[in-house]
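Asker: One letter stands for each residue in the lines below.
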Amino acid sequence: TQLLEQSPQFLSIQEGENLTVYCNSSSVFSSLQWYRQEPGEGPVLLVTVVTGGEVKKLKRLTFQFGDARKDSSLHITAAQPGDTGLYLCAGRSGGFKTIFGAGTRLFVKA
Amino acid sequence: EAGVAQSPRYKIIEKRQSVAFWCNPISGHATLYWYQQILGQGPKLLIQFQNNGVVDDSQLPKDRFSAERLKGVDSTLKIQPAKLEDSAVYLCASRPLSWIRQGVDTGELFFGEGSRLTVL
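Here the protein sequences come in this chain order: A and B. In terms of my numbering, the numbers along the first sequence are unbroken and rise by one, the last being 110. In terms of my numbering, the numbers along the second sequence are unbroken and rise by one, the last being 120.
Next up, chain B with everything else stripped away, as it sits in the complex (with noise of 0.2 angstroms):
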């Protein structure tokens, strides 16, 4: 089975530049997911979706950042204009819309690769 899959790897740009990653999950899942990490952190949501709904957006810095799913399959995220504050891996994950262990929906994630972005 192919997992998720991210593009591109690297990207280098400079502020106020835009740049856009693209994500395709593994077939069949209907939930996907947009994290940040900055270096020396965890993971943060920026956008779920599920099929190709929005289910939490909240934490999407809206004036620069915007995510599709137009057919509930792949997404594509962009930013524009960069800041320097952006510079971070871009995570893609995918789940099943359920994923049941021991009774409960566990939330659990299958990640693609990331996409690492350096502003300069």
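Chain A with its partners taken away, still in its complex shape (with noise of 0.2 angstroms):
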């Protein structure tokens, strides 16, 4: 059965602070997505990575995927209250199952 695990299951943080949430996993994905979910909403996609050791930027996010491509990492710059919500990476094996980790809480304070 593949798993993604993610850390820190919670991260309260002050505004302006650096952070990073990792996603893990002992199976290789062919792709690997990250989702912001805020309260009521469904997720939402943030951005897609498939090579390994690709490195992508969205404003002050950067994500990374490992060279196995079977971890990820998401880095907030400057956090910001907006970035307030629940990140959850997801990866799609090699069949047709798109599978989530349990998410990382992030509460920026003001």
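Worth flagging that the hints you see were computed from the coordinates, not collected in a lab. Treat the hints with care, since some could be wrong.
[To be verified] Listed below are the simulated DSSO-like cross-link pairs for lysine-lysine, each with C-alpha atoms no more than 27 angstroms apart in a straight line: (1) A:Lys70 to B:Lys11; (2) B:Lys11 to B:Lys83; (3) A:Lys97 to B:Lys44; (4) A:Lys57 to A:Lys109; (5) A:Lys97 to B:Lys15; (6) B:Lys78 to B:Lys62; (7) A:Lys59 to A:Lys70; (8) B:Lys62 to B:Lys83; (9) B:Lys71 to B:Lys44; (10) B:Lys78 to B:Lys44; (11) B:Lys83 to B:Lys44; (12) A:Lys109 to A:Lys59; (13) B:Lys71 to A:Lys97; (14) B:Lys78 to A:Lys97.
[What the hints assert, rightly or not] Facing chain A, a subset of chain B residues (Cβ under 8 angstroms, in silico): (15) Gln41; (16) Gln102; (17) Glu113.
Backbone N, C-alpha and C define an ideal beta-carbon position, used for all residues, glycine too.
With the hints in hand, could you dock these two chains into one complex?
Answerer: Have a look at this one:
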């Protein structure tokens, strides 16, 4: 069974701080997505990484896919209260199934 | 382009009662998913349809849960009878049959806002 483990589970920081969240697996994924979910809403796609070692930037967010395509990280620079939410990583296996990690709940205090 | 529509947004029932959730995917999306998200956890796949056929229902508790997508468009998820542990957000997602990025079918999903179920 493929599993995605996210860490930390919960993070509370002050506005302006930097942070990194991790998504790890023992399995190889053909691609991996990061979603953000706000209370009362469905997850919204932030980015997809496909190539091992790939780095993508989305404003203050930097996403990296591990060389072996088993893990990924999300780094936020100068966090803002608007970054508050649940960050989910999801991986697509060789089949048609997309599985999700348990998520990292981020709270950014003003 | 309209997004994935779900209803109702909220439902409160007592245990042993039944409930149904409806989902209308993005127009033209052949694949439709129902996920269950319990508070504090990530979404767990319940069932995946491709057009009107079931691709994966291995994690659907078939003694109480059922789902259909009769015309290959909208879908209904039913729970009967409900248990306390069914309290969760039920998320519907859709995607085109093929969604290629950088030469790979990436599996990106488009989610609705979810239906929050509370079982008392």
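Asker: Is B:Lys71 within 27 angstroms of B:Lys44, Cα to Cα?
Answerer: At roughly 25 angstroms apart (the allowed maximum being 27 angstroms), B:Lys44 and B:Lys71 satisfy the hint.
Asker: Under the criterion that the straight-line Cα-Cα distance not exceed 27 angstroms, is the pair B:Lys78, B:Lys44 satisfied?
Answerer: Between B:Lys78 and B:Lys44 the Cα gap is close to 16 angstroms, so the pair holds against 27 angstroms.
Asker: Verify the interface restraint on B:Glu113: the C-beta must sit less than 8 angstroms from at least one C-beta of chain A.
Answerer: Status holds, d = 5 angstroms.
Asker: With a cut-off of 8 angstroms, does the beta carbon of B:Gln102 approach a beta carbon of chain A closely enough for the hint to hold?
Answerer: Holds, because the Cβ-Cβ distance from B:Gln102 to chain A comes to roughly 4 angstroms (cut-off 8 angstroms).
Asker: Does B:Lys62 lie within 27 angstroms of B:Lys78 when you go C-alpha to C-alpha?
Answerer: The hint holds at about 10 angstroms.
Asker: Below or equal to 27 angstroms on CA atoms is what counts here, so check A:Lys109 against A:Lys59.
Answerer: holds (20 angstroms)
Asker: Taking 27 angstroms as the top limit, are the C-alpha atoms of A:Lys57 and A:Lys109 close enough?
Answerer: Satisfied, since the Cα-Cα distance of roughly 23 angstroms is no more than 27 angstroms.
Asker: Holds or violated: are the alpha carbons of A:Lys59 and A:Lys70 at most 27 angstroms from each other?
Answerer: Judged against 27 angstroms, a Cα distance of about 25 angstroms means the pair holds.
Asker: Are the Cα positions of B:Lys62 and B:Lys83 separated by 27 angstroms at most?
Answerer: Roughly 13 angstroms separates the two Cα atoms, so the pair holds.
Asker: Straight-line Cα separation of A:Lys70 and B:Lys11 no greater than 27 angstroms?
Answerer: violated (38 angstroms)
Asker: For the pair we were handed, B:Lys78 and A:Lys97, check the Cα-Cα distance against 27 angstroms.
Answerer: The hint holds at about 22 angstroms.
Asker: Does B:Gln41 pass the interface check with chain A, least Cβ-Cβ distance below 8 angstroms?
Answerer: It holds, given that the least Cβ distance between B:Gln41 and chain A is near 5 angstroms, below 8 angstroms.
The structure shown violates the earlier hints numbered 1, 5.
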